[in-house]
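Put the two chains together into one complex, using the hints given.
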Amino acid sequence: MTDDRDRAVSALREACHELSLAADIPDARVLEEVIRRYPEFSDELTQLAIDIALDALQAEPATEEGIDPTAVSPAVSRALSHFQDRLHALTAGEPGGRAGLAPGADPPNPFLSLDRAAFRSLATRLNANTVFVCKLRDRQIDPATLTPGFKRRVAAELGAPLALVQAHFAARASLRPGQFYKASDKPAAGAQQSFAEALASSGLGEREQQWLLAL
Amino acid sequence: MARPLTRTRKDGTPYTREAAVEAQIDEVLALTPEALQGRLLITQPQDPAYLRSETLVHLMRHGMREHRRSRDQRLVNAVLPVLSGRCERTVRVKVSGLGIGDPASLRQEILNGLSELFVRDGSAQQRDRLDYYECKFNHAFRTWYLDARRREALWHERHVDLIDEPPEESEDPRGADPMLIAVTLALRTPPTQEDDVQREEILKAVEALPSKERAAFTLVHIMGYKIDSNDPGEVTAATRCHCDGRTIRNRLQRAAARLRSVLGDL
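Chains as they are written, first to last, in the numbering used here: chain Y, 2 to 216; chain A, 4 to 269.
Isolated chain A (complex conformation) (with noise of 0.2 Å):
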């Protein structure tokens, strides 16, 4: 039987996971070390056999309170390369060398900081944090590696490229630049082999942008918030980055631009 999570929202309602990844743990659990050796040898999620990696969350925090108890690392030897291995191959794509100085060894510490949260869990400083894990393992490893690629690419920002932020312009620009909506089409249209290859240029071309730019582009065309509001009680990208209407309007020109000449007219 799955061990209960313990982790409570702000609301007291507790973090629960689905119920696909209760049965695979109480199927898991019952297994011989061989069987189970034989389930994380399989490679392919579409295969029903396939060990999901909420699964293996919760199969190493098995074995680490085995480990306690009885020194016995098996369970944890076993796991653990399988899941750093998936863990591996997210951040080799999704941590990229934009804007940050060694993306190498950044992807290094997101692993074995991943590691750490193992011995860590169950301690007074680190109780049930990977409940998040065991509830959507993506979406929690997703939280982890973003923070650390987003404090890494900050620190460059300010201590390695030093970029000035270029004064606000007094003039408020109006009317969406068709550059930004091409792009944005760009991006939201799912890819396909001809235009993959322009698409991750638009990508990196985005990403490149100074994080004001890129923040403005982001929240008003990606996620839909309007650039301002006559309404005060309403929130918008303005609200979001606390500016005004004009400042927004101003960035999206910038960030414009800055695509226009990296990418020419599309």
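If we strip away everything but chain Y, and leave its shape as in the complex, we get (with noise of 0.2 Å):
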């Protein structure tokens, strides 16, 4: 089932990917053409290609000159360290890789090793979205505002030990070592939210934020 479920995954992303490739801005008779390759794709060729149209209607980013090439901006550093982690993780779980951490070094991260449809399917089973789950695994929130039966369901759904996620959520937001920053833009590990805080700033219906917190 999972290798069906992989291959239709890998064959709509090579559709998708042969529409945004055939033209800057797909018309009618670009989109027909790659729909009689890839029938079974139809609407989800569709759907992008109105959003490709719509795309290439807005504003191009602008161009790069008096950009200082040396900055890295606060959202490109966090970008970084995320590669660095799961760069990690994949180390460790190879033979030869760091078994056990080094003294002081933070507990591993049991959201790093989610692909992003296991990560969407965790925000679901979650009752919640990607922007609430974002904030478990980059420990935005303080540990100490968790109620005791949530720490326990995220637990259950990431089939992870109850203590290993009880460390992750209390591990602090530390920063990399090598990067380099904008002075005045450093960024710090960052205030963390209140449980209840961040269920509502993350774009969730009052009634999935009574849920959560009821747990």
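Coverage of chain A stretches by chain Y, computed from C-beta distances (three or more under 8 Å per stretch; other residues unrestricted):
id: 1; stretch: 139-147
id: 2; stretch: 217-230
Derived Cβ-Cβ restraints for the label pairs, each shown as a range:
id: 3; chain 1: Y; residue 1: Thr125; chain 2: A; residue 2: Ser99; range: 16 to 26 Å
id: 4; chain 1: A; residue 1: Leu44; chain 2: Y; residue 2: Ala118; range: 31 to 41 Å
id: 5; chain 1: A; residue 1: Gln47; chain 2: Y; residue 2: Thr148; range: 44 to 54 Å
id: 6; chain 1: A; residue 1: Asp131; chain 2: Y; residue 2: Thr92; range: 14 to 24 Å
id: 7; chain 1: Y; residue 1: Leu115; chain 2: A; residue 2: Ala23; range: 34 to 44 Å
id: 8; chain 1: Y; residue 1: Gly160; chain 2: A; residue 2: Ser126; range: 19 to 29 Å
id: 9; chain 1: Y; residue 1: Val10; chain 2: A; residue 2: Pro36; range: 31 to 41 Å
Everything labelled a hint here was simulated from the structure, so no lab data went into it.
Every residue, glycine too, gets a C-beta built ideally from N, C-alpha and C.
Okay, structure coming up:
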């Protein structure tokens, strides 16, 4: 079943890239040509073509003139940190990789092994959204405000030991060494939100928020 | 020599890089680390020494192979910030708050997800997906962020906005609404300094339309589909939306009314 699903996802991805590569702005003729090759994805391709057509009408990003090439924005810095986390998780799982943590190192992040589909599935099973789950992953929520029931639910849905999940939430958000920042934009570890604040600012409905708070 | 792409199309034809990208990759692979660092600092696309994003993807994949072999991350550490920075500038413009709860978090998710592609490159689950990005990076990345944006907007529409679709009317409006004609003309006309602000407002209003009305408008007025046809073999907007011509016309009429209420008469 998983192999079939993977193949279907891969085929859809190929169809979408074919459409995107076919033209800067696909019109009816281009869309129909791609749909002829991938008729099973006509709806998805139609939606993508609509998105591309409207996206193309938007302003283009500013040119790179005047940009400081040595500056790394906070968002890019977080992406680099995420990359290193994933690379470490992959390396630690390999034979000969680090089996345990060095003293003072953060515990493993149980969210990092999830691919995009699994990440979204977790958000759905938690009756939340990916915005909120990102906050869990990035330790943006004060662990003291998370209810025991919620932590148990997260552990169950992740298939991870409760102790690991608790350790993850309790770990500090640390900066990776070796990165460089513009002095005026130097990121801090970031103030954490309370559980209720995180729910309220994640775009969740009142019903979902109350359900999660009640766990 | 650039490592060949392995991805093939459904009919078996291989994906290929542009000749200019192939040439640039061959040139860059022969540079010293110091020379490469100098090229990475060039930010103007018009500069002949500017490194194309397709080239940066190839360098990242090359660097990841180096890392797997010898744990050497120097190339990856040099290239990824530059590539991520370009992507961030794109999504700051293209992934806005319309229909999305937290655009900053979504943009971060997009950037994080892109960096993960390099970690998984070459694995059984993701053998050659990055080949698309070496063919036409901007188009491939566009597919990536549009997919993320659409999923988030859809979730938002279903769980947060709880938009009720109005019932389809029984009347069948005929004739193109002048509002939609004016909107289409405004969007298709290249922006000038004077009307750039208005154009942005118009585009925002179109993007704020409910998904079925937005689809009807875009298919008919931007992509050029006919609303419907007497020829059952002809593919029209009605075909693509799995409805009839009357429904498309009603959706267009509602779209026009919404746009008029937001923008006034153009």
